[in-house]
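Participant: Single-letter residue listing:
There are 2 protein chains.
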Amino acid sequence: MPALRSWFNIPWGSHFSLANIPFGIISSPSSKNPRVAVAIGDHALDLEAFAANNGFSALSIIQPHQAVFSQPTLNDFAALGRPIHSVVRKYIQDVFNVDTTYPEVLKTNSSLQKQALLPLKEIQTHLPFKIGDYTDFFVGLHHAYNCGVMFRGPENALNPNYKHLPVGYHGRASSVVVSGTPIRRPHGQILLNPAAEKKEPIYTAIKKLDFELELGAFVTKSNNMGEPVPIAEAEQHLFGLVMLNDWSARDVQSWEYIPLGPFNAKNLGTSISPWVVHADALALFKVKGIENDAGVLPYLREKNDENVYDIQLTIDLTSTSGSSATIAKTNGRNLLWSYPQMIAHHTSTGCNLQVGDLLGSGTISSENDRSGFGSLLEQSDNGKVAIKLSGGEERRFLEDGDEVTFSGVCGTDEEALVGFGTVTGRIEPALKL
Amino acid sequence: MPALRSWFNIPWGSHFSLANIPFGIISSPSSKNPRVAVAIGDHALDLEAFAANNGFSALSIIQPHQAVFSQPTLNDFAALGRPIHSVVRKYIQDVFNVDTTYPEVLKTNSSLQKQALLPLKEIQTHLPFKIGDYTDFFVGLHHAYNCGVMFRGPENALNPNYKHLPVGYHGRASSVVVSGTPIRRPHGQILLNPAAEKKEPIYTAIKKLDFELELGAFVTKSNNMGEPVPIAEAEQHLFGLVMLNDWSARDVQSWEYIPLGPFNAKNLGTSISPWVVHADALALFKVKGIENDAGVLPYLREKNDENVYDIQLTIDLTSTSGSSATIAKTNGRNLLWSYPQMIAHHTSTGCNLQVGDLLGSGTISSENDRSGFGSLLEQSDNGKVAIKLSGGEERRFLEDGDEVTFSGVCGTDEEALVGFGTVTGRIEPALKL
Ligand SMILES: [Ca+2]
Ligand SMILES: [Ca+2]
Ligand SMILES: [Mg+2]
Ligand SMILES: [Mg+2]
Ligand code: NI
Numbered sequence: 001m002p003a004l005r006s007w008f009n010i011p012w013g014s015h016f017s018l019a020n021i022p023f024g025i026i027s028s029p030s031s032k033n034p035r036v037a038v039a040i041g042d043h044a045l046d047l048e049a050f051a052a053n054n055g056f057s058a059l060s061i062i063q064p065h066q067a068v069f070s071q072p073t074l075n076d077f078a079a080l081g082r083p084i085h086s087v088v089r090k091y092i093q094d095v096f097n098v099d100t101t102y103p104e105v106l107k108t109n110s111s112l113q114k115q116a117l118l119p120l121k122e123i124q125t126h127l128p129f130k131i132g133d134y135t136d137f138f139v140g141l142h143h144a145y146n147c148g149v150m151f152r153g154p155e156n157a158l159n160p161n162y163k164h165l166p167v168g169y170h171g172r173a174s175s176v177v178v179s180g181t182p183i184r185r186p187h188g189q190i191l192l193n194p195a196a197e198k199k200e201p202i203y204t205a206i207k208k209l210d211f212e213l214e215l216g217a218f219v220t221k222s223n224n225m226g227e228p229v230p231i232a233e234a235e236q237h238l239f240g241l242v243m244l245n246d247w248s249a250r251d252v253q254s255w256e257y258i259p260l261g262p263f264n265a266k267n268l269g270t271s272i273s274p275w276v277v278h279a280d281a282l283a284l285f286k287v288k289g290i291e292n293d294a295g296v297l298p299y300l301r302e303k304n305d306e307n308v309y310d311i312q313l314t315i316d317l318t319s320t321s322g323s324s325a326t327i328a329k330t331n332g333r334n335l336l337w338s339y340p341q342m343i344a345h346h347t348s349t350g351c352n353l354q355v356g357d358l359l360g361s362g363t364i365s366s367e368n369d370r371s372g373f374g375s376l377l378e379q380s381d382n383g384k385v386a387i388k389l390s391g392g393e394e395r396r397f398l399e400d401g402d403e404v405t406f407s408g409v410c411g412t413d414e415e416a417l418v419g420f421g422t423v424t425g426r427i428e429p430a431l432k433l
Numbered sequence: 001m002p003a004l005r006s007w008f009n010i011p012w013g014s015h016f017s018l019a020n021i022p023f024g025i026i027s028s029p030s031s032k033n034p035r036v037a038v039a040i041g042d043h044a045l046d047l048e049a050f051a052a053n054n055g056f057s058a059l060s061i062i063q064p065h066q067a068v069f070s071q072p073t074l075n076d077f078a079a080l081g082r083p084i085h086s087v088v089r090k091y092i093q094d095v096f097n098v099d100t101t102y103p104e105v106l107k108t109n110s111s112l113q114k115q116a117l118l119p120l121k122e123i124q125t126h127l128p129f130k131i132g133d134y135t136d137f138f139v140g141l142h143h144a145y146n147c148g149v150m151f152r153g154p155e156n157a158l159n160p161n162y163k164h165l166p167v168g169y170h171g172r173a174s175s176v177v178v179s180g181t182p183i184r185r186p187h188g189q190i191l192l193n194p195a196a197e198k199k200e201p202i203y204t205a206i207k208k209l210d211f212e213l214e215l216g217a218f219v220t221k222s223n224n225m226g227e228p229v230p231i232a233e234a235e236q237h238l239f240g241l242v243m244l245n246d247w248s249a250r251d252v253q254s255w256e257y258i259p260l261g262p263f264n265a266k267n268l269g270t271s272i273s274p275w276v277v278h279a280d281a282l283a284l285f286k287v288k289g290i291e292n293d294a295g296v297l298p299y300l301r302e303k304n305d306e307n308v309y310d311i312q313l314t315i316d317l318t319s320t321s322g323s324s325a326t327i328a329k330t331n332g333r334n335l336l337w338s339y340p341q342m343i344a345h346h347t348s349t350g351c352n353l354q355v356g357d358l359l360g361s362g363t364i365s366s367e368n369d370r371s372g373f374g375s376l377l378e379q380s381d382n383g384k385v386a387i388k389l390s391g392g393e394e395r396r397f398l399e400d401g402d403e404v405t406f407s408g409v410c411g412t413d414e415e416a417l418v419g420f421g422t423v424t425g426r427i428e429p430a431l432k433l
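Chains as they are written, first to last, in the UniProt record's numbering: chain A, 1 to 433; chain B, 1 to 433.
Isolated chain A (complex conformation) (with noise of 0.2 Å):
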């Protein structure tokens, strides 16, 4: 499929292509309050403006709905559902054609394009959605099977549920911040000496200090509690995926996780990126993820097992020195199950997920190649082995000052990628207590 061209200047390479339109929250100095909009290049369509100003003049569909683009949140659009999403976005998609059905409506309209089209670099990013509740996931297989072996070794690395249904436990909503957001080295229980028969625990400053390379996804269609939403249905309760960070302290989990999972080492923050690139969009990358050779339940089977998503995914790590590298580079199609089997996993006992609830996909790794594993868990085999950055540093885990910055694309015409741009995180030193 050629790409589409546009009369406006989306910069060759741009994650914002014109096949993309990922909607997010912004605001901008001349207007403070949060409100939705779209990336386009290297600009922000703020929708709020442009629906005040006729811009859906030529889409009576979404005319009785445009409040939602003044909303602080993406909740009330995303709850509009995906036909109308689509609509909007052929539309968006139609407005910047540079063979545009609408020339009236910006690309003749100068004033518009000037008060609508917004540089990124001038605008501020917020949280999407008001996440009501927050799922993280553990699908990533070859994640689980490394961090198995480190556990428990080769033989009973995966446990006897794991290729049954999408392991996953329920995440902290309150801490889940966007992109940009320091991410403070918190203290917390741990043991300084795991191994010792005694077990003396100590609250500290913790040493462990990691990411985790994740997609998240939101959303976009509630199901009442206690009525499961079949598999068939599940794609219609997604709204589109987000790069996230989940955030995790090694040392706090170790000691802590067993046997109710992990708690304090999760919930001191998890990171988004800002814009959220709609299923629509992501639905020309369905790839085939990982074969699952135990049968898969007939609640939990798609008819197309073109599922999960090619997503190119760069894990960069930048030091207060400036020392920087790519410290790992995978793929999102590296995953056992699908966010529709998530959805219907996670309904099967009859929980109700709300529009705005976050599902993370666990982390992503490749399978046996330390440069494309998703974790410096994985990477530094629990802080064995040293990970070098440019300029002779090494890491094992993150260190005060350290910037992590995730990137996500999918496609490779630069002129039609379908990108996420990043999700970044600062590490400012741990509090004096």
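Simulated from the structure, these hints should not be mistaken for laboratory data.
Incorrect hints may have been included.
No distinction is drawn between identical chains; accordingly, a pair holds when it is met within one copy or between any pair of copies.
[Said to hold, decoys possible] Taking lysine-lysine and the DSBU-like style, the derived pairs with C-alpha atoms no more than 35 Å apart in a straight line are:
1) Lys221 - Lys384
2) Lys221 - Lys32
3) Lys32 - Lys90
4) Lys107 - Lys130
5) Lys198 - Lys286
Every value quoted in this text rests on a predicted model; they were computed, and no experiment measured them.
Keeping the supplied structure of chain A fixed, place chain B with the ligands upon it in accordance with the hints.
Facilitator: Same frame as chain A, now just chain B with the ligands:
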């Protein structure tokens, strides 16, 4: 302390004596808008109506904030903070006192009595808070021990971390419902034969539906992400308590929970009692909890070791045939950690608690006394022992139509009880899928 006496008829033995004044959300046939009320005897005092009719005329401190009483949740009232709650409670106690300082406010104002004092049996109660995040702890030591014995034997019943930190996990906020909401028996992925070497799960209506007797606490003061709440300040973050039933699918739980903890086994529903008993009312009933012989780290150490509550807890079960039994009695003192300790630990890595967050205590069981165990899992020894109801019926786990009711009450003076009322839920048959 002699009981406070009222000019208003508060039935002898009421949970809602003048010593209590619990807060909740009500609606009524004459006004469907959910709004704030307190329970007093077998009536609710509608605080929206009370405020609108100069009920707070003698309490100037609350006057700028009276809009909080028209909200559909207690979040805004809670956010005013404990000093404000204290004066509001004391003022209401004064207004109802036989020797009230302000007779004209309500005692001699029959028109406002008629408007604002609504019989409990004529109103509807609603979920008292908008719950951002729900955390379930596991600090009922005897429950943890009983479950540990069942699955790991008496030697390893308690995990090494158990006495060093309040073990907890993130729960599901969206499926917390108010007392009386029916609970549907879920389907779930389970093993019919967990002992078989080859694990072959099926998706079916679950067999081991259970309850868990817990307390729940609401957060009344937020902390910023990255800033732990010091133990000495934690009590000020506590609004009050409810009874909580953590409905549990034991067959789902045992298959899914390793390694990331309970997920679908718990998110099918959690019921809470509608009236939140304020921490001020409970303060008189503080007692020592279970002795911790492990040495408590300074960030969890409280000045006063009377830090949990003497609450008499009862579990009743009624079947569709009308067979009924009190199947357990225990006490709220059976906790290893207090709510201030749970709050200090929850925030110890910087997690931001928010007003309205719910903190479950974990199941409360007595020591070595089957008639004091807070779950059927423990009472039936995972289905091995039958529990007798009246009329010859038996239970190992819950059956369709069973109604489970928890009640809790502090004190013995029948004119001064500080009680929770009840939390109840009835099991509906599974959907046909
Ligand atoms: Ca994770
Ligand atoms: Ca529980
Ligand atoms: Mg996290
Ligand atoms: Mg529950
Ligand atoms: Ni939540």
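Participant: For this structure, which hints from the list above don't hold up?
Facilitator: 1
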